[in-house]
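Protein sequences, first through last, are from chains A and B.
Residue 24 in my numbering is what sits at position 24 of the first sequence, and the numbering runs on without skipping anything.
Residue 1071 in my numbering is what sits at position 71 of the second sequence, and the numbering runs on without skipping anything.
FYI, nobody ran anything at the bench for these hints, they're computed from the structure.
It is possible that part of the hints are untrue.
[Stated by the list, open to error] In silico contact screen, one side only, chain B against chain A (beta carbon under 10 Å); selected entries:
1) Phe1343
2) His1345
3) Pro1346
4) Asp1348
5) Gln1351
6) Val1352
7) His1355
8) Ala1362
9) Gly1363
10) His1364
11) Met1368
12) His1371
13) Ile1376
14) Pro1377
15) Met1406
[Said to hold, decoys possible] DSSO-like mimics (lysine-lysine), calculated; alpha carbons at most 30 Å apart, straight line:
16) A:Lys14 with B:Lys1301
17) A:Lys19 with B:Lys1373
18) B:Lys1324 with A:Lys41
19) B:Lys1258 with B:Lys1079
20) B:Lys1324 with A:Lys14
21) B:Lys1373 with A:Lys106
22) A:Lys14 with B:Lys1316
23) A:Lys106 with B:Lys1258
24) A:Lys41 with B:Lys1373
25) B:Lys1266 with B:Lys1138
26) B:Lys1024 with A:Lys106
27) B:Lys1167 with B:Lys1109
28) A:Lys19 with B:Lys1324
29) B:Lys1301 with B:Lys1390
Glycine included, every Cβ here is placed at the ideal spot set by N, Cα and C.
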Amino acid sequence: MDDFYRELIVEHYKNPAYKGNLDPNDYTYEDENPLCGDHIKIDLRVSSDNIITEALFSGHGCAISQASADLLMETIIGKPLDEVKKMTKETILDLLGIELGPVRLKCALLSLKVLKAGLYGIGNLEEELLEI
Amino acid sequence: MQLDFSKLRNDFPILNREIRPGTKLIYLDSTATAQKPQMVIDAMNQYYEMNNANIHRGIHQLAEEATAMYELAREKIAKFINARSSKEIIYTRNTTESINLVSQTWGRKNLNAGDLIILTEMEHHSNLVPWQLLADEKDLELDFIPVLETGELDLVAFDNLLNKKPKLVAFSHMSNVLGTINPAKEIILKAHEVGAVVLVDGAQSAPHFSVDVRDLDADFYAFSAHKMLGPTGIGVLYGKESLLQNMPPFLGGGDMIKKVMLRSFKPNDLPHKFEAGTPAIAEAVGFGAAIDYLSAIGMDKIAAHEKEITDYALAKLQTVDNLKIFCPKIPKRGGVISFEMGFIHPHDVAQVLDHYGIAVRAGHHCAMPLHEKFGIPATSRASFYLYNNKEEVDLLVIGLQHVNEMFG
Chain A
1 MDDFYRELIV
11 EHYKNPAYKG
21 NLDPNDYTYE
31 DENPLCGDHI
41 KIDLRVSSDN
51 IITEALFSGH
61 GCAISQASAD
71 LLMETIIGKP
81 LDEVKKMTKE
91 TILDLLGIEL
101 GPVRLKCALL
111 SLKVLKAGLY
121 GIGNLEEELL
131 EI
Chain B
1001 MQLDFSKLRN
1011 DFPILNREIR
1021 PGTKLIYLDS
1031 TATAQKPQMV
1041 IDAMNQYYEM
1051 NNANIHRGIH
1061 QLAEEATAMY
1071 ELAREKIAKF
1081 INARSSKEII
1091 YTRNTTESIN
1101 LVSQTWGRKN
1111 LNAGDLIILT
1121 EMEHHSNLVP
1131 WQLLADEKDL
1141 ELDFIPVLET
1151 GELDLVAFDN
1161 LLNKKPKLVA
1171 FSHMSNVLGT
1181 INPAKEIILK
1191 AHEVGAVVLV
1201 DGAQSAPHFS
1211 VDVRDLDADF
1221 YAFSAHKMLG
1231 PTGIGVLYGK
1241 ESLLQNMPPF
1251 LGGGDMIKKV
1261 MLRSFKPNDL
1271 PHKFEAGTPA
1281 IAEAVGFGAA
1291 IDYLSAIGMD
1301 KIAAHEKEIT
1311 DYALAKLQTV
1321 DNLKIFCPKI
1331 PKRGGVISFE
1341 MGFIHPHDVA
1351 QVLDHYGIAV
1361 RAGHHCAMPL
1371 HEKFGIPATS
1381 RASFYLYNNK
1391 EEVDLLVIGL
1401 QHVNEMFG
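Produce the complete structure using the sequences and hints provided.
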């Protein structure tokens, strides 16, 4: 159990630091995983030189989906947009620090899917994110 | 004779398995699929070791043996649900295919634009989507018997729907989410009074209590082997012979024909008319063994055992903080309990329970419209069968208390 729900994950789930809405924003996007009802919306503010200055997520879902969203927001703030482009499944798994089966992987990757779809359009997503 | 259900557990090899070192399996997901007794596994192994051959029209010894075994299982199934004859037992892959068979053959032939099909709001997707497909194709109307807050069907609303003269009424005998056992006989009688044909989804009922298709007067009754201790890959469509006779074939191919010309064919007699291609022979043999196993215990005893466990679980689960049972007071319910735990997502509930070796299901259980009606995206579900016991319920309760500690 301790392996799966690391304290870090439960903590980010219970007390997310980056939960909320940004209005106005530069980018906003939302999506859901209909299978489990996880829903995530991400709002971003970006500086003129394309650095993410603020990022908040909202929505509901399981501990994995919500904690990964919170960790992802924490990670991208202060980074250039180009760096988000390079983020993959492994980025999220490294953040969570756990192994995930195929069903829970979808929970974990929902926030990255929403983020990338918001920035680059749903049509430009990698297959591993589109499958969610 | 008082049956010792605790001894019966030993018949199921998987129940002795450790999920992880030191953690025994507590299997509370029989509504999804049941575990298999050694007798079923052995029957299929023996068939492959001793009798394997393709059935029908074989002259050699093995082909005759395999055919006899395949047909013997059909007779056992006919007797199990009290069909008039084994001609009324069509082998399919599962309940889903059985329902699709009816929609694509009986439905296509007999339903026309504007005709009404009545379903219920508690249907599994397998008794919704086949009718949606047909309704799209033929411009049919669909209407639904509502589910009351209690978890029962609104039979007053059903009476009103019947005034619209439906051509077909299709409903599940027992809900896979709520556990509600619907008053099938009454629904069928009322539907017949207005001339509707009735299909019953028996996926959850046939495994858990005695079903008599003649007493019910069901026109079609569909169920799957794998939920009643048998293998996956085989199910049954029971249909009244008069209806089956007048239905066009479903899939085309070998075995479903009497004669084939280059441009036409003559269909085979019942039940083979609906069984194209090499069927699941070993699975039929396994299904027959599962029927033997269930019959030897007796469906009434199985139902009574499950009721005892379910009543115990309903009472115990109400002691868990933060836990809300989905329709706790259904008067007639089978061994299915779906529940929510406040804001804790069912996936997290199921994952923590899995850590203790407890297998429950989390999600919408293939009944999205029912969850939507009650405004719940997903639930956790514990379900019970003849091999479960009260100790397992106690361990479930402890597991759920851990869930609360972790996320509360």
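Comparing the hints with the structure gives:
At its closest, the beta carbon of Phe1343 (chain B) sits 8 Å from a beta carbon of chain A; the interface hint therefore holds under the 10 Å criterion. Taking 10 Å as the C-beta cut-off, the interface hint given for His1345 (chain B) holds, the closest approach to chain A being about 4 Å. Restraint check, Pro1346 (chain B) versus chain A: the minimum CB separation of about 8 Å is within 10 Å; hint holds. Nearest Cβ of chain A to the Cβ of Asp1348 (chain B): about 5 Å, under the 10 Å cut. The hint holds.
The criterion of a C-beta within 10 Å of any C-beta in chain A is met by Gln1351 (chain B), whose closest approach is roughly 6 Å, and the hint holds. The beta carbon of Val1352 (chain B) comes within 7 Å of a beta carbon in chain A, closer than 10 Å, and the hint placing it at the interface holds. A least Cβ separation of about 4 Å between His1355 (chain B) and chain A falls short of the 10 Å threshold, and the interface hint therefore holds. Annotation: Ala1362 (chain B) was flagged as interfacial toward chain A, and the flag holds, the nearest CB pair being 8 Å apart, inside 10 Å.
Here the hint on Gly1363 (chain B) is kept, as its CB sits about 6 Å from the closest CB of chain A, short of 10 Å. Look at His1364 (chain B): its Cβ gets to within about 8 Å of chain A, closer than 10 Å, so that hint holds up. A least Cβ separation of about 8 Å between Met1368 (chain B) and chain A falls short of the 10 Å threshold, and the interface hint therefore holds. For His1371 (chain B), the interface hint holds, the least distance from its beta-carbon to any beta-carbon of chain A being 8 Å, beneath 10 Å.
For Ile1376 (chain B), the suggested interface contact is upheld, since its CB lies about 9 Å from the closest CB of chain A, less than 10 Å. The beta carbon of Pro1377 (chain B) is positioned within 10 Å of a beta carbon in chain A (closest approach about 3 Å), and the interface hint is therefore held. Interface hint status for Met1406 (chain B): upheld, as the beta-carbon distance to the closest one in chain A is roughly 6 Å, under 10 Å. Under the criterion of a C-alpha separation no larger than 30 Å, the hint pairing Lys14 (chain A) with Lys1301 (chain B) is inconsistent with the structure, at around 46 Å.
About 28 Å separates the Cα atoms of Lys19 (chain A) and Lys1373 (chain B), which keeps this hinted pair within 30 Å; it holds. A threshold of 30 Å between alpha carbons decides the hint, and for Lys1324 (chain B) with Lys41 (chain A) the separation of about 28 Å falls inside it, so the pair holds. Under the criterion of a C-alpha separation no larger than 30 Å, the hint pairing Lys1258 (chain B) with Lys1079 (chain B) is consistent with the structure, at around 27 Å. Between Lys1324 (chain B) and Lys14 (chain A) the CA atoms are separated by roughly 21 Å; this keeps the pair inside 30 Å, and the hint holds.
At most 30 Å may separate the alpha-carbon atoms for a hinted pair to count; Lys1373 (chain B) and Lys106 (chain A) meet this at roughly 25 Å. Taking the CA atoms of Lys14 (chain A) and Lys1316 (chain B), the gap is near 27 Å; set against the 30 Å cutoff, the hint holds. Of the supplied pair hints, the one linking Lys106 (chain A) and Lys1258 (chain B) is violated, its CA atoms being roughly 50 Å apart against a limit of 30 Å. Simply put, Lys41 (chain A) and Lys1373 (chain B) have alpha-carbon atoms about 24 Å apart, close enough for the 30 Å limit, and the pair holds.
Of the pairs offered as hints, the one joining Lys1266 (chain B) and Lys1138 (chain B) holds, with about 27 Å between alpha carbons and a cut-off of 30 Å not exceeded. Of the supplied pair hints, the one linking Lys1024 (chain B) and Lys106 (chain A) holds, its CA atoms being roughly 28 Å apart against a limit of 30 Å. Proximity of Lys1167 (chain B) to Lys1109 (chain B) is assessed by CA-CA distance (about 12 Å); at most 30 Å being required, the pair is judged to hold. In summary, the hint linking Lys19 (chain A) to Lys1324 (chain B) is supported, as the alpha carbons are separated by about 27 Å, within the 30 Å threshold.
Restraint check for Lys1301 (chain B) and Lys1390 (chain B): the C-alpha separation of about 16 Å stays at or below 30 Å, so the hint holds.
The structure does not agree with the numbered hints 16, 23 stated previously, though it agrees with the rest.
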